[in-house]
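A.B. asks: What follows is each chain in one-letter form.
Number of protein chains: 2
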Amino acid sequence: MKLTAKTLDIADRGVLLNRNDARNIGVVEGDRLRVMNHANGRAVPAHIDMTDVMIEPGTIGLYGPIHLALAVTDGAEVEVWEAPKPASLEFIKKKMNKGKLLREETRAIVNDIVSDNLSLLELSAYVTANYINGMDMDEVEHLTLAMVETGSRLSFSNRPIVDKHSIGGVPGNKISLIVVPVIAASGLKIPKTSSRAITGAAGTADLMEVLAPVEFSAEEVQTMTEKVGGVIVWGGATNIAPADDRIIVVEYPFKIDARGQMLASVMAKKFAVGANLVVIDIPVGLTTKIADVAEGRKLAREFIDLGERLKMRVECAITYGDAPVGHTIGPALEVKEALAVLEGATEPQSLILKSLSLAGIVFEMAGKAPQGEGYAMAQELLSSGKALAKFKQIIEVQGGDPSVTAASIPLGEFTHVVNAPEAGYVVNLNNPSLVSLARLAGAPQDHGAGIQLHAKPGERVDKHQPIFTIYADRAWRLKLAVEEGRRLMPVLVEGMVLDRIPNEHHIG
Amino acid sequence: MKLTAKTLDIADRGVLLNRNDARNIGVVEGDRLRVMNHANGRAVPAHIDMTDVMIEPGTIGLYGPIHLALAVTDGAEVEVWEAPKPASLEFIKKKMNKGKLLREETRAIVNDIVSDNLSLLELSAYVTANYINGMDMDEVEHLTLAMVETGSRLSFSNRPIVDKHSIGGVPGNKISLIVVPVIAASGLKIPKTSSRAITGAAGTADLMEVLAPVEFSAEEVQTMTEKVGGVIVWGGATNIAPADDRIIVVEYPFKIDARGQMLASVMAKKFAVGANLVVIDIPVGLTTKIADVAEGRKLAREFIDLGERLKMRVECAITYGDAPVGHTIGPALEVKEALAVLEGATEPQSLILKSLSLAGIVFEMAGKAPQGEGYAMAQELLSSGKALAKFKQIIEVQGGDPSVTAASIPLGEFTHVVNAPEAGYVVNLNNPSLVSLARLAGAPQDHGAGIQLHAKPGERVDKHQPIFTIYADRAWRLKLAVEEGRRLMPVLVEGMVLDRIPNEHHIG
Chain W
4 MKLTAKTLDI
14 ADRGVLLNRN
24 DARNIGVVEG
34 DRLRVMNHAN
44 GRAVPAHIDM
54 TDVMIEPGTI
64 GLYGPIHLAL
74 AVTDGAEVEV
84 WEAPKPASLE
94 FIKKKMNKGK
104 LLREETRAIV
114 NDIVSDNLSL
124 LELSAYVTAN
134 YINGMDMDEV
144 EHLTLAMVET
154 GSRLSFSNRP
164 IVDKHSIGGV
174 PGNKISLIVV
184 PVIAASGLKI
194 PKTSSRAITG
204 AAGTADLMEV
214 LAPVEFSAEE
224 VQTMTEKVGG
234 VIVWGGATNI
244 APADDRIIVV
254 EYPFKIDARG
264 QMLASVMAKK
274 FAVGANLVVI
284 DIPVGLTTKI
294 ADVAEGRKLA
304 REFIDLGERL
314 KMRVECAITY
324 GDAPVGHTIG
334 PALEVKEALA
344 VLEGATEPQS
354 LILKSLSLAG
364 IVFEMAGKAP
374 QGEGYAMAQE
384 LLSSGKALAK
394 FKQIIEVQGG
404 DPSVTAASIP
414 LGEFTHVVNA
424 PEAGYVVNLN
434 NPSLVSLARL
444 AGAPQDHGAG
454 IQLHAKPGER
464 VDKHQPIFTI
474 YADRAWRLKL
484 AVEEGRRLMP
494 VLVEGMVLDR
504 IPNEHHIG
Chain U
4 MKLTAKTLDI
14 ADRGVLLNRN
24 DARNIGVVEG
34 DRLRVMNHAN
44 GRAVPAHIDM
54 TDVMIEPGTI
64 GLYGPIHLAL
74 AVTDGAEVEV
84 WEAPKPASLE
94 FIKKKMNKGK
104 LLREETRAIV
114 NDIVSDNLSL
124 LELSAYVTAN
134 YINGMDMDEV
144 EHLTLAMVET
154 GSRLSFSNRP
164 IVDKHSIGGV
174 PGNKISLIVV
184 PVIAASGLKI
194 PKTSSRAITG
204 AAGTADLMEV
214 LAPVEFSAEE
224 VQTMTEKVGG
234 VIVWGGATNI
244 APADDRIIVV
254 EYPFKIDARG
264 QMLASVMAKK
274 FAVGANLVVI
284 DIPVGLTTKI
294 ADVAEGRKLA
304 REFIDLGERL
314 KMRVECAITY
324 GDAPVGHTIG
334 PALEVKEALA
344 VLEGATEPQS
354 LILKSLSLAG
364 IVFEMAGKAP
374 QGEGYAMAQE
384 LLSSGKALAK
394 FKQIIEVQGG
404 DPSVTAASIP
414 LGEFTHVVNA
424 PEAGYVVNLN
434 NPSLVSLARL
444 AGAPQDHGAG
454 IQLHAKPGER
464 VDKHQPIFTI
474 YADRAWRLKL
484 AVEEGRRLMP
494 VLVEGMVLDR
504 IPNEHHIG
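So the protein lines, in turn, are chains W and U.
Take the first sequence: its letters are residues 4 to 511, numbered as in the numbering used here.
Take the second sequence: its letters are residues 4 to 511, numbered as in the numbering used here.
Treat the hints as calculated values from the structure; they're not laboratory data.
Remember, predicted model here, so these are calculated numbers, not experimental data.
Be aware that a few hints might be false.
Identical copies go unnamed one by one, so any copy, or any two together, can satisfy a pair.
Cross-link-like lysine-lysine pairs, in silico, DSS-like; alpha carbons within 30 Å at most [what the hints assert, rightly or not]: (1) K301 x K371; (2) K97 x K230; (3) K482 x K88; (4) K88 x K5; (5) K482 x K101; (6) K371 x K230; (7) K88 x K9; (8) K301 x K389; (9) K301 x K466; (10) K230 x K314; (11) K101 x K466; (12) K395 x K371; (13) K292 x K97; (14) K292 x K88.
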């Protein structure tokens, strides 16, 4: 059937058909069309959406990616046929039926994910089936390699290439801003790609963006790393392992993170940047992704196994995840704290210890320091100012201002201090509540928004002593966070009355 | 945040936001907004789609259902907030984690399905989890009742009310056109809702539509049934158990039909029309949904169990499903064949036997005939012409022309006869291939399109004797079907050469 083309800016590999035309062609929602531009011979498959009104019979709405692929002008004629379903649907069904996917089957699925040949509905079935039925280590390896093959890759002439990853779940985990420059200051190369926060208050990419641009192609990441030894960029812009970005969208509503997919996603990104020495931070705690140390050790073993299959050396650090790292949550606040440490601040200890420990593990893995002396080496690179100098080179190569100092970083102009209602010991910081508050205040979009903690668990506070400050860039955002803060109680002081229920029966 | 409203005719309970506004509000794809029209105080939750271009910052695109619910005029101001995720997402996750859903949890999910509060992605996770982890009979009962409660219902003052269902998978299964009038001719009431074909060549609703309108409200179905004793309508228009229509969309790409969902979907529709006597046709065969008789018996037991829980009497007939019922496939061809039987034709035997057997089971269940004599009663209603007279009343009450005869039904004007390439016995009819051909020829959209079989398995044909005819309403459709017919070989004659591979190396 021949139809007139009309472009619709929708970021899906689909077309919008009038319901009458669909009936005529004999297709229903869930089918595919093959759409051809006779002017240049290009033809692509497309999902079908239907409408009674938005598109006239005889016209076809081409969504952005289809329009691009066909290079068709509005008003021109395209021809359409019903197209067969992709074979990957059969492979997804095999996984739904508890089958083990072969390398080629996983590759077909990942290819179709990356080229948007699977609808969200279909991708959701794949992710759900993986979550429920799991994957064995062969399948995880195949998924990792398929994710690598369907994206951009770096290729350095000299090894080792170092990488570092935290599996997340702890607010305030700004350690990459210290670990990367310390490692690069030793002469090792670390092309660090990182994520933006989805449910968190600030991803490493959100932090770095306070200081410099973070969107670069894979090629630019390689060039910058060769020049100064390290970068901190947003992985989403590099086209490295892009399948993962699609999968994350589907996992989001259920907050699931299927083990095999998580392993594949992390390791694909490390493999694709050419890393052969990898340290993985596994925060353990009731409010993180890994509930206890035994579970953390199991995950660590899986990372190490997968690394061996991929010829990468992996070590894992099980870390404490039940309280924020350092005293700040939110982009500018976290950057200020990390930069102060690079400038010589001797606290917060939780931040300094964790960063130097991870860097030390890398130095021992790389043979830069004898076993047991990696930490000291990292400490020397920090205290000598070499790490700070290296960080300024990284900021500069990414196009930021290297003259930046911790003191010069602007925080949100609207603030609200929360004071202890009673004297006592701080007994609990609730991570999810702290993150919710920071997000309500505007993080990560508003760089100045977030939380500054004045007391951490075990510290004694007096009545009316400040326990935390909320920062916001916009007054209405601060108001939202303050209101919700009363309900969420993210910091608990021993003996504090959590709520008071008035007796509503008055003596009349 | 306040935004200007703009209506978009998209049949999804969503809104389209400029990516900048989304960032400002702090929402990502997969989140929900609460959208409020201050002019009338109405507020509804909505899914979020994002665009860089289609919608300007400050404007919000409201899809059809949201626009309807808010009753907002284009250009007016609406206010939006981030809305919490529905609790049903947690219940779906529970099922993903192999949990057993409570009655209230299933009810919440079905409510959100029917009110479009779940995205297709989320619904897909639910259906996939049900498919993989299964449901026990309590969960099936709760799902059935939730499907009933979220739709329209009939309520007759007198019982019994009869219903009949075929679980499908056999082409040419036009028996409802005979079973319904035979049952109604006995004085029993049978308000039959039926489906349109999705992957088949003609659903019962597609067949009936050749003779009369099939789209009625539940109220109209009740009135018509009270008047003439029976109807044959399209269930999709009645709003009976509408959750099922949503679930089918999600099952379509993978051609799955999770057992528990199938049971619930069938029985919800029977329960909602008030039926208390139900006969279920379970065709078994390699190309149907149920592979063998043992599996068919197991399914029958489940239908009967579920019926007992719902206080409905259910009997099941296990029928032969490896060949088409009768000799025709496609709307007009099937109607012509069924109408001829009502008019007194003595074949095809497969159609007559099956129809009268099912009606006979109902007469015995209802106490209209003694055990073992239901078939004879059905036969008498057919041969006396009472069933034909009743069918004409049904056609008339639905707005069709009761003077219709089998001879007067127009078939597709474009035909192609396929002859036996060799003499021999017909050894196989391939059901899926026959359905594909009928669909390529235009069925079910083109009423005249389909297949007329001239020989069935076991019959002897001479060389060049016609074995089947393809009918189409449009010449290009016929061409498509004929071309594909050569490849699919839907009818096999013993000794026939299936393909000839020429030797492409010529002696040069």
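A.B. asks: Against each hint, give a clear statement of whether it holds in the structure.
C.D. replies: Now the hints, each set against the structure:
no., hint, verdict
1, K301 x K371, "within (28 Å within a copy, 68 Å between copies)"
2, K97 x K230, "neither (47 Å within a copy, 50 Å between copies)"
3, K482 x K88, "between (51 Å within a copy, 22 Å between copies)"
4, K88 x K5, "within (21 Å within a copy, 42 Å between copies)"
5, K482 x K101, "neither (50 Å within a copy, 41 Å between copies)"
6, K371 x K230, "within (20 Å within a copy, 92 Å between copies)"
7, K88 x K9, "within (24 Å within a copy, 35 Å between copies)"
8, K301 x K389, "neither (36 Å within a copy, 74 Å between copies)"
9, K301 x K466, "neither (44 Å within a copy, 70 Å between copies)"
10, K230 x K314, "within (26 Å within a copy, 78 Å between copies)"
11, K101 x K466, "neither (59 Å within a copy, 48 Å between copies)"
12, K395 x K371, "within (23 Å within a copy, 92 Å between copies)"
13, K292 x K97, "both (29 Å within a copy, 17 Å between copies)"
14, K292 x K88, "between (37 Å within a copy, 20 Å between copies)"
In summary, the numbered hints that this structure violates are 2, 5, 8, 9, 11.
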